[in-house]
Amino acid sequence: MSLIRRFLSDERGATAIEYGMIVGAIFLVIVAGATAFSDKVIVMFNRASEAMTAAAG
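In numbering that gives the first Met the number 0, the protein residues as written are 0 to 56.
Please keep in mind that the hints were generated in silico from the structure rather than gathered at the bench.
Where hints are given, some of them may not hold.
[Claimed, not checked] If you anchor each label on the Cβ, the simulated ranges turn out as follows:
| id | residue 1 | residue 2 | range |
| --- | --- | --- | --- |
| 1 | A15 | S48 | 42 to 48 Å |
| 2 | R11 | M43 | 45 to 51 Å |
| 3 | R46 | A13 | 47 to 53 Å |
| 4 | F44 | A24 | 24 to 30 Å |
All C-beta atoms, glycine included, are put in the ideal place defined by N, C-alpha and C.
Take the sequences, apply the hints, and build the full model.
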């Protein structure tokens, strides 16, 4: 019974779990942003590539 009480009152891993959840949320925001803007970034790089090709010759 004391093992169960100790387990339920132990909060040592709570901070690590909270940091893990924050990192996970940041990762999801980055993935969502990259997905939302991927087409625009591809168009931008294609235009830059075409401009360099035209300038080269």
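Hint-by-hint comparison with the structure:
1. A15 with S48: 42 to 48 Å: At roughly 44 Å between Cβ atoms, S48 and A15 fall inside 42 to 48 Å, so the hint holds.
2. R11 with M43: 45 to 51 Å: 47 Å, holds
3. R46 with A13: 47 to 53 Å: 49 Å, holds
4. F44 with A24: 24 to 30 Å: 29 Å, holds
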